[in-house]
Structures are given as structure tokens and as C-alpha cells.
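Given the coordinates of chain A, assemble chain B onto it according to the supplied hints.
Chains A and B supply the protein sequences, listed in that same order.
In terms of our numbering, the first sequence has 130 at position 130, counting the first letter as 1, and numbering is strictly consecutive.
In terms of our numbering, the second sequence has 193 at position 193, counting the first letter as 1, and numbering is strictly consecutive.
In case anyone wonders, no lab produced these hints; they're calculated from the structure.
Quick caveat, the model's predicted, so the values are computed rather than measured.
Quick reminder that beta carbons are idealized off the backbone N, C-alpha and C, glycines included.
Check the hints yourself; a few may be wrong.
Partner residues are not named here, just some residues of chain B that face chain A (Cβ under 7 Å, in silico) [claimed, not checked]:
#, residue
1, Leu4
2, Gly6
3, Gly13
4, Thr16
5, Ile21
6, Pro24
7, Phe27
8, Ala30
9, Val113
10, Ser120
11, Asp224
12, Ala228
13, Asn252
14, Leu255
15, Ala259
16, Ser262
Across the chosen pairs, the derived CB separations fall in these ranges [stated by the list, open to error]:
#, chain 1, residue 1, chain 2, residue 2, range
17, B, Phe253, A, Ala261, 38 to 48 Å
18, A, Phe225, B, Arg49, 23 to 33 Å
19, A, Pro200, B, Leu133, 39 to 49 Å
20, A, Asp143, B, Ile22, 22 to 32 Å
21, A, Leu24, B, Arg49, 45 to 55 Å
Pairs of lysine to aspartate or glutamate residues, derived as DMTMM-like cross-links and limited to a Cα-Cα distance of at most 20 Å, are as follows [stated by the list, open to error]:
#, chain 1, residue 1, chain 2, residue 2
22, B, Lys3, A, Asp176
23, B, Lys135, A, Glu38
24, B, Lys135, A, Glu48
25, B, Lys135, B, Glu124
26, B, Lys3, A, Glu174
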Amino acid sequence: MIIKRVLVTAFVSLWSIFVLMPLLWALVTSFKSPAAVENGATYIPFLEFQPELTGWSNIFGGGGATTNLIPPLMNSIVVTLCAALISLALGTITSYGLSRYLYKAGFIKNQDIIFFFISQRIMPPIVLSFPFFLMLKALGLLDTRSGLVLVSIAGLMPIVVWLMVDFFNGIPKELDEMAMLEGYSPFEVFGRVILPLAAPGLTVAGMFAVIFGWNDFFYPLILTFGQVVTLPVAIVSLNATITPYWTLSAAAIFAILPLIAFAFAIERFLSKGSLSGAVR
Amino acid sequence: MNKLYGRLFLMPGLLTLLAIIIFPLFFTIALTFSNWSVANAGFNWVGGRNWTDIVSNERFWDAMMRLIPLSFLTVAIQYVLGFSIALIAWRGIAARRFFRVLWLVPMMTTPVVMSVVWKSIFNESVGPVNDVLMKLGMDPVPWLSSTTPAMFAIIMAEVWQWTPFMFLLLLAGLLSLPKEPFLAASIDGAGPLRTFFKVTLPMMAPVSIGAIIIRLIEASKIFDTVYAMTNGGPGSSTETPTYYIYLTGLRNFDLANGATMSITYLLVFIALLTVIGQVLSRLSKPKGI
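Looking at chain A on its own, in the form it has when it is part of the complex (with noise of 0.2 Å):
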């Protein structure tokens, strides 16, 4: 028994040491000068180098740096919540639908119909990457954030009606005649009386969805090139020509701190095990 305690303490701290460790390390070397970073690895501030502003200052233009990541940031937040918004909401109407109503086309029926959605998730992104690269351009959409919201749709949409299906499948359907019997038309039902109850189901979703818009890399890559540059690639972009360590990380700590507090905030949403449901 006493071993077993060991072993668990022992791997309960070394996977929480493992999990810190890069984020430690990022933080320490945002506040070092240029001179400490590149005097080989140190570890403890004040000990070992003492800390000053360097990296922080260059990130919002200081120091001479042309870098200022504002600008990135307001369109990461713009891009992220207009495409996690509106594949909230069109998702959300679309699985009310497919969990209450039978459609029927031919052999598509409702389970096909799920599978599709689900599906866009194993399509790589490259795949459809140069068709959207040229019809952004004949749209007059490649560096807009338009054009940028247009198609992480179709990448968050899809995580939106996973989730959500089976969220409105654990409500059960006698509220919906209950309400109808009131003289709720299909439309209220769905607003009045099944929307409000599916409010942890719409928290999970939606966290997910400006989950994975934030940390979108590859598209903003590809269809953005100076005017919109997003957070991530504005970031990246600092990896170039000789790497300014103590910069970076201050940009990675700047860039990742949002979605940790963000975390914190909505951590007992997560617990509720409102995914066991999803996985099956």
C-alpha cells in the first residue's frame, strides 16, 4: 500500500513538473535580457540573471522593435468569437433539428446526416486548403477577416453539432409536446423552453469552438499575409531570422495566457463529465 502511495506521488509529480516545465520556462526567459539568454541556460531570476522588461516592452513596439502585437491580438479575438459565435448558432439550430426531426432523402437519414458533419473533422485541412486560397482571391477575401471567419466555420461547426446532438438527445422530447400542447409554436419551443435548458451543453461547445479557433494556425497561414496576420502566426513569424528567445517567449506567455484564464474560469463546466456522452 505504501508503495502504491510512492508510485502515485511519484508520477503525480513528475507529469505535473513534465506539464509546467515549457510554460515555467517561457515565463523565466521572457524576463531576461538579451545578454543572460544567450549566456547558455539559467534557471532561478535574481539568482542567476537578473530580470528586466527587455522582452515584454518589444512586443508592444518598444525598443525600436517593429513588433507590436496588438494588432494581431484584436484580430485573433475578432476572427476566433465571430466564427465560434455564428458555428455556435448555426450548429446549435441544425443539431436541435436532427435530434428532434426525421429526415429522410432518399438513403440519407438522420445518422448520415450527423456523419457528415462529424466527418469535416477528418478532412485535412490541405486538402481543401488551395481551392479556399483561390476563391478567397476571386472573392477580393484573401487577407480579410472575413474571409478568415468564412472558413474556420467549417472547421468549428462541425465540433459545435458532435457535441450538441447528443446533448439534445439527453433532454427528453416530452418537454417539446408538453410546450406544444401549451401552443408554443416549434419555433418557441426551441427558444423558450429546450434552448435555456441546453445552457451547459452550449458553454461546452462554445468552449471548444474558440478553442480550436484560437489555436488555428494553418489557415490564417495560408490566407493571410500582412494586413490581418493572426496572433499565432504573427508569433511564429518572430521565429525567422536570428531568435530573439527573450521576445518570444514574452509573445508566447502574451498569446497563450487568454485561453489559460479562460480555462480556469469555465473548469467546472469540464468535470461534469459532459463529454461521456460525445465519445460514445
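Positioned in the frame of chain A, the structure of chain B alone reads:
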């Protein structure tokens, strides 16, 4: 009446997705029969030439084979580690809630941004990994400029990034298991190992298969890590299909060959997933309890 409302609910989302996906997909398929490139922009029918070319394109097939370590092996590692920490977070430790959130943090971080951080960690002269190795009296390793260490570094970054997702799905599965079988097992005097292999693991089979398939799908698209850490290098030794197709189609604008490779990749990928899904569900069928 009912039918009309049903359609009104379904159609907005379905039509949007169809519009965004279907036309581009057919466009890509059409590209495979053209010779669209920088020199020849536009559709010029060349028949199956691209398709015969791809058979002998060794660089592409090497990139495909590289998915065995970079996606299949990483998902296996993620599954074992994710299951272990899910079991611990399920019952094993105090302060469960704290650890659950802590272990989910990597999932929230942007993969490509963390790849840049990993690149600094594996940096040969100023990174901490070589520093620790040297303090332990070992030789420094050229992490990102030789093939095997570079693969190792990429796998490490991928495991760090995505084990939490596996952990989340498996933990959700564990939390929804019924209690009775565990009670029965303990009444029968089964030890923890026996309980795990005879009760927990079989009951978790559907969730496990789902989680493994989801991760395999995402892991096979691997691009961000390679792009930021090694640029496919040294040479082309850490190139993945997505990365090589990206170079061909969107850097060198050889759209025809890029499209042919991407459709081949898609077809091979779907076939493999189908086979793996079948094998996994056969293996997990209960054999007479």
C-alpha cells in the same frame, strides 16, 4: 407542417457547410487532372499523369511513412499516459480538482506557439535540455539538426500538447461508469490490477476507441509542430504529408501535384482509419465474462 419546420432547423447549418466544403473538394479533385502551376495557371486537362507521377514520388511516401512515429506512436503514448493520469485524477489523489485543471492547461495553449517554446527548450547552445545533459556529464545532443533527435523532440512536444485532451475524454468516460461492477469485483476479492484488466479496461473500451480515433484523426494532420520546430528538416527528414503538400502547393505553387498528393493522403487516411476502427472494436469485444 412538421416537415417544413424540420427543414427550417436543419438547412441553415447544412447548406453553409455544404457550400464551404463540397465545391472546394470537387475543385481539388479536378486539380489532380490538370497541370496548374505558376507557369500554367488555369485548368489544362492532362489526364492521369499526376496520378502516375505520385506512385514514384518517394519524398511523398517517406512523409506518409513518417506518420507511423509522429502520429501513431504519439497517440499510443498519449493514450497510456492519458489513461494513467485519468485513473489517478478519478480516485487516486487529494486535491483532484486542482490537478484536473493543471493537467488540462496544455490543451488550452496554442500548439504552434508552444512549438516555438519547445524549439527554445531543445536549442543546442542555450536550451535547458542540453544544459541538464551536460551537468549530468553527458554529451550535448544536436536536437533539431539531426533526424532521430528531431523526431524525438517533435514527439515530446506533441505528447505534451495533446495528452490532456486524451485525459479529458478518458476522465469523462471514467466518471460516467456505473459503480456496481466495481462493487461486485471487490466483493469477489479482486485486487486492483485484476479489477483494472477485468472491469475498468473492458468497460472503458468504447470511450477508449472513440478517444484514440479522434486523436489519430487530429494527429495525422500534424503540421504546426513541424513547421515551427524543424521546418521539415534536417533536409526533408521530418516532413509530414501536410507539410510537404504545403511546400509543393502553396510555396512552389505546383497546385496540380499538391492536389494529387492531398487526395491520395485523404484516401489512404480514410482507409487506414476504417481498418483501425474495425480492428480496435474486434479486439475489445468481451470474450465470455
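Range hint 45 to 55 Å (beta carbons of Leu24 of chain A and Arg49 of chain B) holds or violated: For Leu24 of chain A and Arg49 of chain B the Cβ distance comes to about 53 Å; the hint holds.
Verdict for Phe225 of chain A, Arg49 of chain B (Cβ pair) under range 23 to 33 Å: For Arg49 of chain B against Phe225 of chain A, whose Cβ atoms are near 32 Å apart, the range 23 to 33 Å holds.
Consistency of beta-carbon spacing, Ile22 of chain B to Asp143 of chain A, with hint 22 to 32 Å: holds (25 Å)
Satisfaction of the Gly13 of chain B interface hint, Cβ to chain A closer than 7 Å: Holds, because the Cβ-Cβ distance from Gly13 of chain B to chain A comes to roughly 3 Å (cut-off 7 Å).
Interface hint compliance - Ala228 of chain B to chain A, C-beta minimum distance less than 7 Å: holds (6 Å)
Hinted contact Ser262 of chain B with chain A - closest CB pair below 7 Å: The hint holds - Ser262 of chain B has a Cβ within 7 Å of chain A, the shortest such distance being about 4 Å.
Status of the hint placing Val113 of chain B at chain A (closest C-beta pair under 7 Å): With Cβ-Cβ at 5 Å, under 7 Å, it holds.
Pair hint Lys135 of chain B and Glu124 of chain B, alpha-carbon separation not exceeding 20 Å: Given that 20 Å is the threshold and the Cα spacing comes to 14 Å, the pair holds.
Status of the given 38 to 48 Å range, CB of Ala261 of chain A versus CB of Phe253 of chain B: holds (41 Å)
Chain A contact restraint on Asn252 of chain B - CB to CB distance below 7 Å: violated (12 Å)
Per-residue hint verdict: Ala259 of chain B, partner chain A, C-beta under 7 Å: holds (6 Å)
Hint check, Leu4 of chain B versus chain A [nearest Cβ-Cβ separation less than 7 Å]: violated (9 Å)
The earlier numbered hints that this structure contradicts are 1, 8 and 13.
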